[in-house]
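J.: Each chain, letter by letter, is given below.
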Amino acid sequence: MERSSYRASMRTDDAAVNDVRLRDGFAFSAAVFLAVRILLSLVAVLVVRPAFPPSPERSGLGVPATPGLHNAVDGTDRWDAAWFERIALEGYDWNTASAAFFPGYPIAIRGVTTALPVGESGAALLVSNAAFLAALTIMFALTTLEFSVGMARRAVVLLACFPTSYVFMAPYSESLFLVASLLCFWWARRGRWAAAGFAGFLAAATRSLGVLLVPALLMEALGTDRKPRHRAIAASLIPCIAPAIYALYWFIHSGNAMTPFEAQATWFRTLTVPLVTLGEALWLAVVAIRYPQGFYWIIDLVLTATLLLPLLLRWRILPRPYLLYVVLGVVTVLSFPPPRPLFSAPRYLMVLFPVFWLMASLLTRGKYLVAIVTFTLGFACMAALFVNWGAVG
Amino acid sequence: MSSGRFAVNVIAFVVGFSFLAIVFMDWRSVL
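Chains A and B, in that order, give the protein sequences.
Going by our numbering, the first sequence opens with residue 1, and the numbers climb by one from there.
Going by our numbering, the second sequence opens with residue 1001, and the numbers climb by one from there.
No wet-lab data here; the hints were simulated from the structure.
C-beta: ideal position from N, C-alpha, C; glycine also.
Heads up, a few of these hints could be off.
[Said to hold, decoys possible] Partial pick of chain B residues on the chain A-facing surface, computed with a CB cut under 7 Å:
hint, residue
1, V1008
2, N1009
3, F1013
4, F1024
Work out the full structure: start from the sequences and follow the hints.
T.: What follows is the structure, given as C-alpha cells:
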C-alpha cells in the first residue's frame, strides 16, 4: 500500500496531513509536559525521606536523598544520573564500567555547563527537560503526519504519563535519545535525508539502541520514490558512524574498541534468548508474592507487558520502517537481561515511541481513560520510589 | 517477610494484572 493511501486509510479526522508543522502541537504538548513536570516535582517534595545511595550505586557521586523543597528540581538526581554527570565532568578515564554510557548526553551536559553558569546536575536537568518538551511536540507532529490529530493527542498523553516517564525529566539520556530518534523519522518520512541521517547520528551517539535506526532508515530509503535514491541510502548509514567513533575512542584510549559493548557484562547483562527472558520474568511474577522483592518483579512484568501487548495486538497498522525499528529494539532489550530479567526494560522500551501509537489505537474511550488514570497513579508511585533511591527505572 | 510487604505484593499483583486484563485483553482485535 502506498504511503499516501495508507495514511488516508488510517486517518480519522479531516486535518490536512501534508500541512503538518512541528509547531502545531506545541501548545498541547507544553501543557502535557507542564502537568507531568509539576506532578513529578510535587511527588519529589512530598515523599523524599533521608536515604543513602544503596550499595549497587557504583558511580561514587550518588548523593543522599534529603527532604526539602530542593527536590522539586533535583529529586530525580539518582542512580545513572551520577554516572552521566561524572562522565560530563571528568570524561571516561576513571572506570571502564562507564563505557556503557554513550557520550551524546554527557557531551550535551558539558556543552550547557560551558555556556551557562550551572553545574553538571543543573545542566543535565535542563537538557533532559528541554529534550522531553521537544520530544512531545515532535511526537504530536509525527503522529499527526502518520495517523491523525486525535491519535496525536492520545499518544502524547500516554507517553507523558507512562509510569516510568519520570525518567524523561530526570538526568538520564532517554529524552535526548527520544527527541533525536523522533526527528530522524520526521525528516526521513518527509524525504529530508541529510537531516534524518544527522538526527540518527545523534541518537546513536546517545544510546546504543540508536544504531537500530539504520535498518529502518534503509527500508524507508529503499521504498522511496524520490530521486536520487542512493543519497537516501547513504544518509541511512550515517548513524553507524557514531558508535564507530566511540569504539575508536576506546581503542585509542584503552586498546580495546569493544569496551563500550563489553561493559554490559560489568552491569551483569548477558546474552539470552528473548523468549527465555520473558519466561523467567513471567515465572518470577507468578511466585513474586512470597518474596520481599517480589513487588519489583511484578511491576517489571506489568509495565513491560503494557508496552509489548499493543505491539502484539496491533503491529499491522504500523508503517514497516517503524515496525522494523520497534521489533529490533524489543529483541535487543530482551536479549541482554540482568539477573532481574526485566529490570529497566520498561525504561529502555518506552523510547520506542511507535508502541504508544499502537496503544492509542487500541484503547477505546473508556479504556483510554482507565489507562490515563492508572498510568498517572503508577507514575506517582514509581517516581516516589525512584526519588527515595528505590530500585526502579 | 513482613505482612505489610506481603500486602503490597498482593495489591501490585491484583492491580497490575487486572489493568492488563481490562485494558488490553480484547482478543477480537488479534483476529
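J.: Each of the hints needs a verdict: does it hold here or not?
T.: Results of checking the hints against the structure:
1. The criterion of a C-beta within 7 Å of any C-beta in chain A is met by V1008(B), whose closest approach is roughly 5 Å, and the hint holds.
2. For N1009(B), the suggested interface contact is upheld, since its CB lies about 5 Å from the closest CB of chain A, less than 7 Å.
3. Interface hint at F1013(B): satisfied, since its Cβ lies 5 Å from the closest Cβ of chain A, which is below the 7 Å cut-off.
4. Taking 7 Å as the C-beta contact cut-off toward chain A, the hint placing F1024(B) at the interface holds, the least distance being around 4 Å.
In summary, this structure violates none of the numbered hints.
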